[in-house]
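In case you want the letters, here they are:
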Amino acid sequence: MKVNLTTVCSTRALEEIRSFLNKYFKDTELTDSEKNQLILAIDEAMANAIIHGNNSDATKSISMDIDFSEKRIVIEISDIGLFDESLRKEKVNKDIKDVIKEKQKGGLGLKLIYSIMDIVTFYTKDNKSYCMMVKLFGEEK
Amino acid sequence: MQLLIETVNNILHIRISGELDANSSIELDDVFRDALSQRRSKIIVDCLELHYISSAGMGVFLSHLDDIKNLGGRLVFYNMSTGVFSIFEILGLHNMIDIVNEKEEAERIFNES
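Just so you know, the sequences run in chain order A and B.
Every number in the numbering used here is 257 more than the matching position in the first sequence, counting from 1.
Every number in the numbering used here is 48 more than the matching position in the second sequence, counting from 1.
Isolated chain B, as found in the complex (with noise of 0.2 Å):
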């Protein structure tokens, strides 16, 4: 698994590549403790080359998403593939967290709020 990491606009976008599972995922979870440390909130995570996802991997974002919305933050995330959406769609997770199609969208959102 890469990640690729950039703050725009004071979002913090993340691009996850690869497999995301109980090995990779600790990596993932460092990222999002950094931010969260530094009150860093909002952020988007592109799914474009996630190929999988674990409960490690869904177990990292559903962990910090009280902190996210404690900081008046939001997690987003956009281009996921019908593969990864249909685990969140399992855990009855894809009602509960913003997912949508593309950056524009998911950066609208921040814009708006």
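Here chain A stands alone, though its shape is the one from the complex (with noise of 0.2 Å):
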């Protein structure tokens, strides 16, 4: 089941993709705890496209890809941002003590996407930058 939504790039958007996608999972065998955990992830990587990708520019939009089978979901979405792979890895491995400590508001995204998801890749292509975010189920996993 492959899909794709295309919607403005302003954070003001991010209701109206979580409400897509409770509609898209609403008839699928996943369990609410499995759907919960992918809207979140799906919004944080995409309010990542939005804000850090795209510097909030409604006047730009943003895309994302997904490909729902019986053994994983496959998420695509341009211009995410955080290509600095060091960068990401500090913020995914940072201690969440240290987050409060340094009264930090970011970073928290990416630490639940890499929670959540069993495969996170960044790449380019043709001249875009994408990321992949790929959950298994079943005995995929």
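Bear in mind the hints are in silico, worked out from the structure with no lab data behind them.
For clarity, every value in this text was computed on a predicted model and none was experimentally measured.
There's no promise every hint is true.
[What the hints assert, rightly or not] In silico BS3-like pairs for lysine-lysine, Cα to Cα no more than 30 Å straight-line:
#1 A:346 / A:358
#2 B:151 / A:362
#3 B:117 / A:362
[Stated by the list, open to error] Between beta-carbon pairs, the in silico distance windows are:
#4 A:358 / B:58: 25 to 35 Å
#5 B:51 / A:313: 18 to 28 Å
#6 A:317 / B:130: 35 to 45 Å
[Said to hold, decoys possible] Some but not every residue of chain A turned toward chain B, in silico, with C-beta under 7 Å:
#7 271
#8 293
#9 301
#10 357
#11 365
#12 366
#13 369
#14 372
Ideal Cβ placement from N, Cα and C applies to all residues, glycine included.
Can you join these two chains into the complex? Each is in its own frame, and there are hints to help.
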């Protein structure tokens, strides 16, 4: 089941994205917990694409492709930003106690994405940056 | 998202309704900034109507946690749904933050401290 969502590049669009995902996952056999976690990971990645990849430029659009099957779900998001690998690792591995001590507001999204998804990769294609997130189900896991 | 704010017995009560994400969390951040600038650091958050929280929402709470403690206050959550609690759990925050079942329990924490 493949689907594409293209919407305005604004954090105001996040609610619409989550609503779209809720409908998309409604008739699947995923548990409520699996649905909620996938929606959270996608919401975090789209928020990163809007804020860090496109500086919240509402004149632009952002897009994601979802390929959902019995064994896995693959989500590809363009213009994700966050291309500095060492910075990504630093954010993901940072102790939550240090996040509190440093009064940081950001950086938790990547932690959530890496905790929820089984595979997260960043790459470029035709001069565009992409993030691909994969969640495996059943025996694939 | 909607916020209902009231102060009772020097405790700031914040009721959050709806979804707390990268867009709506700015408003909540302003509430915390205002409260802390007035040195109000005893804060109780009612999560009954909070249906979703993203990292941006979590970030608001975490970024003010140190200041709240430094002012001698506390941040206590109650009425949290399983879905919202699971997000705290993923980040390992469920053991680091006061999360109780009911309002009375939350208020008792301040009365005892």
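Verification of the supplied hints:
1. A:346 / A:358: holds (19 Å)
2. B:151 / A:362: holds (27 Å)
3. B:117 / A:362: Measuring from Cα to Cα gives roughly 17 Å; hence the hint holds.
4. A:358 / B:58: 25 to 35 Å: holds (27 Å)
5. B:51 / A:313: 18 to 28 Å: For residue 313 (chain A) against residue 51 (chain B), whose Cβ atoms are near 22 Å apart, the range 18 to 28 Å holds.
6. A:317 / B:130: 35 to 45 Å: Given range 35 to 45 Å: holds, Cβ gap about 37 Å.
7. 271: holds (5 Å)
8. 293: With Cβ-Cβ at 5 Å, under 7 Å, it holds.
9. 301: holds (6 Å)
10. 357: holds (5 Å)
11. 365: Constraint on residue 365 (chain A) satisfied, holds at 4 Å.
12. 366: Since chain B brings a Cβ to about 4 Å from residue 366 (chain A), closer than 7 Å, the hint holds.
13. 369: Holds, about 6 Å.
14. 372: holds (5 Å)
Hint compliance for this structure: no hint is broken.
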